[in-house]
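Chains as they are written, first to last, in our numbering: chain A, 10 to 324; chain B, 10 to 324; chain C, 10 to 324; chain D, 10 to 324; chain E, 10 to 324; chain F, 10 to 324.
It is possible that part of the hints are untrue.
Where chains are identical, the list cannot tell them apart; a pair therefore holds if satisfied intra-copy or between any two copies.
Said to hold, decoys possible - Simulated crosslink set (SDA-like; lysine to any residue; CA at most 20 Å straight-line):
{"hint": "1", "residue 1": "K165", "residue 2": "A30"}
{"hint": "2", "residue 1": "K289", "residue 2": "R167"}
{"hint": "3", "residue 1": "K289", "residue 2": "E276"}
{"hint": "4", "residue 1": "K165", "residue 2": "E316"}
{"hint": "5", "residue 1": "K165", "residue 2": "L296"}
{"hint": "6", "residue 1": "K289", "residue 2": "V274"}
{"hint": "7", "residue 1": "K201", "residue 2": "Q52"}
{"hint": "8", "residue 1": "K183", "residue 2": "P112"}
{"hint": "9", "residue 1": "K165", "residue 2": "T127"}
{"hint": "10", "residue 1": "K183", "residue 2": "T235"}
{"hint": "11", "residue 1": "K165", "residue 2": "L293"}
{"hint": "12", "residue 1": "K289", "residue 2": "R92"}
{"hint": "13", "residue 1": "K289", "residue 2": "G45"}
{"hint": "14", "residue 1": "K183", "residue 2": "I159"}
{"hint": "15", "residue 1": "K183", "residue 2": "S213"}
{"hint": "16", "residue 1": "K165", "residue 2": "R267"}
{"hint": "17", "residue 1": "K289", "residue 2": "G262"}
{"hint": "18", "residue 1": "K289", "residue 2": "S317"}
{"hint": "19", "residue 1": "K183", "residue 2": "I211"}
{"hint": "20", "residue 1": "K201", "residue 2": "L191"}
{"hint": "21", "residue 1": "K201", "residue 2": "D217"}
Calculated from the structure, these hints are not laboratory results.
Keep in mind that this is a model prediction, so the values were computed, not measured.
In case you want the letters, here they are:
Protein chains: 6
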Amino acid sequence: MREITIFSGSAHRALAEEVCARLNIALCPSTIRRFGNDCLYVQLNANCRERDVFIVQPLVPPVQEHLMEVLLMLDAARDASARRVTAVIPYYAYARSDKKDAPRISIAGRLVADLLMTAGASRVLTMALHAPQAHGFFRVPVDHLNALNIICAHFKDRDLTNTVVVSPDLGNAKSASHLARLLNLPVAAGSKRRIDDEHVVIDSIVGDVSGKDVILLDDEIANGGTVLEMLRLLRERQVGGIAVACTHGLFTGAAIERLAAQPDVLEVVTTNTVPLTPAKIAALPQLRVLSVAPLLAEAIQRIHDGESISSLFDQ
Amino acid sequence: MREITIFSGSAHRALAEEVCARLNIALCPSTIRRFGNDCLYVQLNANCRERDVFIVQPLVPPVQEHLMEVLLMLDAARDASARRVTAVIPYYAYARSDKKDAPRISIAGRLVADLLMTAGASRVLTMALHAPQAHGFFRVPVDHLNALNIICAHFKDRDLTNTVVVSPDLGNAKSASHLARLLNLPVAAGSKRRIDDEHVVIDSIVGDVSGKDVILLDDEIANGGTVLEMLRLLRERQVGGIAVACTHGLFTGAAIERLAAQPDVLEVVTTNTVPLTPAKIAALPQLRVLSVAPLLAEAIQRIHDGESISSLFDQ
Amino acid sequence: MREITIFSGSAHRALAEEVCARLNIALCPSTIRRFGNDCLYVQLNANCRERDVFIVQPLVPPVQEHLMEVLLMLDAARDASARRVTAVIPYYAYARSDKKDAPRISIAGRLVADLLMTAGASRVLTMALHAPQAHGFFRVPVDHLNALNIICAHFKDRDLTNTVVVSPDLGNAKSASHLARLLNLPVAAGSKRRIDDEHVVIDSIVGDVSGKDVILLDDEIANGGTVLEMLRLLRERQVGGIAVACTHGLFTGAAIERLAAQPDVLEVVTTNTVPLTPAKIAALPQLRVLSVAPLLAEAIQRIHDGESISSLFDQ
Amino acid sequence: MREITIFSGSAHRALAEEVCARLNIALCPSTIRRFGNDCLYVQLNANCRERDVFIVQPLVPPVQEHLMEVLLMLDAARDASARRVTAVIPYYAYARSDKKDAPRISIAGRLVADLLMTAGASRVLTMALHAPQAHGFFRVPVDHLNALNIICAHFKDRDLTNTVVVSPDLGNAKSASHLARLLNLPVAAGSKRRIDDEHVVIDSIVGDVSGKDVILLDDEIANGGTVLEMLRLLRERQVGGIAVACTHGLFTGAAIERLAAQPDVLEVVTTNTVPLTPAKIAALPQLRVLSVAPLLAEAIQRIHDGESISSLFDQ
Amino acid sequence: MREITIFSGSAHRALAEEVCARLNIALCPSTIRRFGNDCLYVQLNANCRERDVFIVQPLVPPVQEHLMEVLLMLDAARDASARRVTAVIPYYAYARSDKKDAPRISIAGRLVADLLMTAGASRVLTMALHAPQAHGFFRVPVDHLNALNIICAHFKDRDLTNTVVVSPDLGNAKSASHLARLLNLPVAAGSKRRIDDEHVVIDSIVGDVSGKDVILLDDEIANGGTVLEMLRLLRERQVGGIAVACTHGLFTGAAIERLAAQPDVLEVVTTNTVPLTPAKIAALPQLRVLSVAPLLAEAIQRIHDGESISSLFDQ
Amino acid sequence: MREITIFSGSAHRALAEEVCARLNIALCPSTIRRFGNDCLYVQLNANCRERDVFIVQPLVPPVQEHLMEVLLMLDAARDASARRVTAVIPYYAYARSDKKDAPRISIAGRLVADLLMTAGASRVLTMALHAPQAHGFFRVPVDHLNALNIICAHFKDRDLTNTVVVSPDLGNAKSASHLARLLNLPVAAGSKRRIDDEHVVIDSIVGDVSGKDVILLDDEIANGGTVLEMLRLLRERQVGGIAVACTHGLFTGAAIERLAAQPDVLEVVTTNTVPLTPAKIAALPQLRVLSVAPLLAEAIQRIHDGESISSLFDQ
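Using the sequences and the hints given, assemble the complete structure.
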């Protein structure tokens, strides 16, 4: 197979460029336009024939635009005779729609997997799916990385003697359990109660947190509502210093402002699977952004070379 | 098969309701929401089991949002055990991307057909595709209606003795030829010249138009650029009164204002495959909107009853 | 569609017969033989043409034999011109293999879904999948029932004032949370620690259980190892009376003997998704088996009649 | 991928041999026989394993025989473990059936695309499809060449100061517009009128042709009826010298004799996508046959080498 | 499902009409034309929507023409919204190409099955496949009838006390064994020897035939070469009267003349799965043609009504 | 493509190791475990990325366990990004279920082919299918070897002047005819008679065997019932010495004991497509086991190198 050929949609060009820099190759140019009737038009401006093509596009807002872009790019690459086309989706937003918890809805995480395959993805490289079962929604090979080693590396040289890892959701505490194991720490979790069909509150914390420092870990932070609610409960239990951590830092709505207003949140740690504007970064001084580009670049190189990447998965 | 069950996406609820009124049934409710991370969530709020489900959604701006909505609705209906799911797409916006006229692009009209089928469309009902060949992009049965009979009916009782039907594009003059035949009129067409890769100008009119009244017909009008350019050429040839007609009246950008500023355009005729805001309608007094709802309703009834609908196609 | 036609594999004929009795129809005969070379041979002994065929087969041990049986029966029914073939799999054993937590393994829950669809399943009726995401492994409509309402009904008339629902696994406590909500009780969960690649121990309980009565709920009980380990931890915390509950009571290996030897286990509650031998039932006097046949029968009737079955899901 | 391996069906062995000569390789032998019951039998007589196989077969009369041959050859090559099988169809006859202009017909251009893919074509190399939209009928990569550059090269060194390019069909004048642009000439087109369901006449010419020399261009010429009718109309307008040009020169029925009988047709230009018998060539002294073999050979070499072939498309 | 709707290709309209007469319905009209470039055009001239459509077309010479016809008709019926489309192929000529007995050939019986399914066949009704394994080439339901009961009925009232059923091929004597069982007669078979790759001779008869009357049974008779060779061997063994019987009587080449010239062949029995010209019938006075139309009509009725047709298979 | 990578299921590890030894490579390790609920778990313990993976697994008893193992291994290899995955199935047990000889059964040989393809087999290497038509059940390339050359080599240096090859089944005597041709010997066959639906007896031998030595050849021997019955008939005809030969020696039930008890069976010849326990080998002193490992190794090497393997097929 011919050389690695990387294109980027418009979702997060900086990440694609950082990956290319690590691989010592140039990001290939592409044209993305919009017709008068709002339809998108995409052209790949480098030869794809027999190449090992990767298209980098996290599904960040506006999600539907970015999804359609990557579908058009996959289809273009396939019809342009690429040998293999890998969809690199560091943030697979629709993974949260992974089950049928109400009648007559779509399991949209599965539907989007189908759409990507239909458009021409011959494999997928993604990170930190909301539930690991979503891997099974694909019929093409998936390399599913996670950022817990990166987050672990950030915390592991500190004094963590009095620290607990807290998950906001007892029913989905896999990642927090995992990070706690990596850091050799105990774990606790919020317990939700459903008020009615639309509303859920976290009304208790299962596990011991009083007087401890806290690493509050969630897969993703959107408008920050869940984090704020957990902070309220943690304070009631008189915890010490709090670090908030997540893989996918969307920080939509008033999330930045709300987090900046919490004096006991000493640090907000996230990765760059989702792009952050300079304004957002400036507005939240406690923010630390860890780069996943080295991990993605290493994975792409190994996929191309046919080397094992299971050693890239956390242990 | 159980009864007709119609849902509408958010693209054009008024059209769906008009169709339902013609069929004497109620439009079924659905919930369309947006998660904090911008992902869409759709729930169909009526039983679909064994029903003959129709989902009405023209692909009008914002196109990507409306496309994802209809994909989610199709998937939900299929998994909810609908006997048959028909995507009713009166305006199939991506049909204009129907060929590969540049390297490494997607034939997006085909890709979107694939997406609709993947999501669960067991048939499609559409109107006035940009090229009739797009019908062949689908592997499921398609009923492809056109609005030329409706437009013909609008014009046919007038005095058309000195009238010519004009197409802006010599290379794609099928609809104008067709309408001319229905009205028993001659036809003329603009001839384009490509300046460079990005720019095309219409630099002549093939056929005789001088001194005649004109019906200028295009499939769709987006920002109106092509129409304005044709008007300039027609005036050079000193035509009489001008009627502008199209099936899909998008009127994006400054189209409404620009058309309203043409004193010799006596009438702008379109259909309601695309929704128009009251403000747009008010700003263009010459506008006449013809409804396709009776045609769609009749087609849906016949599809359900297994009756021939070829008689609904124009002759 | 013609009448409901139910066949049973050899996995659990008693359940199929109970379902048929509720529906007031006769179970259709089938022949299952084995050739000299150990290959299976299945013949359906009732006309399938245009019928609404259901094949009942929980994937209980010997799993591979029962899986191949149901695949042969699905293929036979499809080729015999059934209008629709529903695989009724009350216990979908491979659902536990739902993610890729080690390199170069199969997500077998997804593979078995593919096999069922390949063999001819046009829909699936199943219960209490290990993770609800497994629903998305199927490309055909799935009705996914759960038995929590049945288990809830069993407990709800008791004095539960001092009771807590306990899950053995903090990382997968959805069902316990759900049952706790139905019974308006608090929830607690065991926290696992991985010793090495092969071994996991539960080394703490997150949440308050001391002095309380316990309903220990797991999806399935195989050899009972996890339950026994939880019992040890619960006793250390000096809980009161213990009820052990699960949907899928496999009770393999020494499970029955080990549970019978726990004097503080007042009750072991399960359903009949998995067949139990009279010997097993006799050896565990605290055992209470709740029947899912009424639920399955009602679901089958509604599937056939095209009526909503979302009301059969628990609220 | 191993070396280029070219087989020819019986449709046009001379073209395949000319392509091979350009590539400096030998055409691989194959056996094509007919059983007593008229079924075809094809054997490929060279190793296909891991090879980059190309099968050359324009769909010329007898079309159905040649179509079945190429389907058998594709299937044989795939099952013989070819790495990739490209159907080289310089004349894709069924492309004219590209839309549904009557009820209950097949869009046969799409059906034949499906048949080729079903039989094992992993890509397609074709020329001058009747409508460019037919590209979208395929789900495998298509390289769609055209012969306009070759035809242009034939004309471009002449004195064309008083020349017009004429298309017989106003509704499908893309190729004529294109050639006119390449030669910097004006364009005109015949306008058809439908007499009844079966009959169409060309009753006028849109655009200025009087006194001019004419290049009358059509995609293909079968029995020559359309050309003859255009000649009649052109003579009424007293044009000068006439050159008739087409990509696909079938010349069926009395086409050769009828064209030979037109004294003002100074030249009939075609390519060798369709084989011509020596008798036909002898009977039409004005005939000039341009070879597409160099273009096909260059495309095959680039497909094999993974080099861009968009530069082979006309500009 | 709506009413039975039967169309016929041009292969054997008389058989289709006989079937319709048995079913007391009219054969639906269809138009089959040929374009100037030899492409076929088919239009179904009766409404197909929601109908149970059957298309009758044995694959008799010219096989490729008739195959393409039926593919076009299947595609047209599917796109015309037929509820179900059954390909009725009483003579499936390509079934003889059912294995890979030489390298780099197509298993054409499988390929044609794929083509029929691709074109839209939702089921198949066929007769007397060369090998019963060919049934498995289809992924859609197949009803595979045979004519042995009909042939048996023809012979069973005679005095068969000294009769043997003879197959020309020891390696494929299933049908002869079957007929012998139905008539309670012994069986014998010719044993072939391969001279070289192209030639096979029958050089002995396995089993006792001397002095007996013979029913020589083959699946199909094309040019009659095998039958003639068997007759020579049988005469060497001084058999009595000979009846030649087959299901598919193609009688191509000089078959009729050669059979008419055998004085000891008292009878040639075949069915009408293949049409015979009046000239052929007149030239072979010993010919008896048994009709399969009642069997096909009964099968079609039962398929439509959802009644078992296994009782139509011979016992 | 990267190097040959061979895994073995648990069916016949000795054969896989012998093949690897011939290829001078190491058999790659794999882990096969069983969960408490009897589900299988397979892990491939060597990197598969871009490798040419072969999985060796004859479908010997317990067939269902071995089938599920190979399905899990195929799925794991595909998802682990193998370039190509070949299922090496030297004994394809379900090939005997290759036709529909009773209503409402599965053609299980076809179903298992579908399952293997669904699980990820991109090609198949198999031997001595019960009927060669089963090759056509696969849509992926199949290399179908046979062992007749190996069996021929075993016999060919003997004095065979008075020997006949005998098939137990007149209706399926292809292999015996083939071996007879290779050894230049006459052939005879048993003729079956059906007693009722369940029972078949061989009641005569077609062809001359009296006083001759016999090679009794069958594709496979399971419990030996057919062989024993043939021996009885042969003795009635006073044959000389008897050799029993087969490709697939299953020897289930009492086959070994029964064969050991036949004094006139001088030799029992089989291959190692099926593993034999030392106890079985010890109990039947006349047994001769011929190895197919050299043939499989040569085929694997040629598949990997893209060299023709038709020369490996017997002539």
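Going through the hints against the structure:
1. K165 x A30: neither (28 Å within a copy, 48 Å between copies)
2. K289 x R167: neither (27 Å within a copy, 54 Å between copies)
3. K289 x E276: within (15 Å within a copy, 50 Å between copies)
4. K165 x E316: neither (29 Å within a copy, 49 Å between copies)
5. K165 x L296: within (18 Å within a copy, 48 Å between copies)
6. K289 x V274: within (17 Å within a copy, 50 Å between copies)
7. K201 x Q52: neither (47 Å within a copy, 23 Å between copies)
8. K183 x P112: between (26 Å within a copy, 18 Å between copies)
9. K165 x T127: Answer is neither: 42 Å inside a copy and 44 Å across each miss the 20 Å cutoff.
10. K183 x T235: both (17 Å within a copy, 18 Å between copies)
11. K165 x L293: Neither way: K165 and L293 sit 23 Å apart in one copy and 49 Å across, limit 20 Å.
12. K289 x R92: So K289 and R92 fail the 20 Å test inside a copy (40 Å) and across (44 Å) alike.
13. K289 x G45: between (32 Å within a copy, 17 Å between copies)
14. K183 x I159: within (17 Å within a copy, 28 Å between copies)
15. K183 x S213: both (19 Å within a copy, 16 Å between copies)
16. K165 x R267: For K165 and R267, the Cα distance exceeds 20 Å both inside one copy (27 Å) and across copies (42 Å).
17. K289 x G262: within (11 Å within a copy, 31 Å between copies)
18. K289 x S317: neither (37 Å within a copy, 43 Å between copies)
19. K183 x I211: both (18 Å within a copy, 14 Å between copies)
20. K201 x L191: between (26 Å within a copy, 13 Å between copies)
21. K201 x D217: both (17 Å within a copy, 16 Å between copies)
Figure legend: structure checked against the earlier numbered hints; hints not met, in rising order: 1, 2, 4, 7, 9, 11, 12, 16 and 18.
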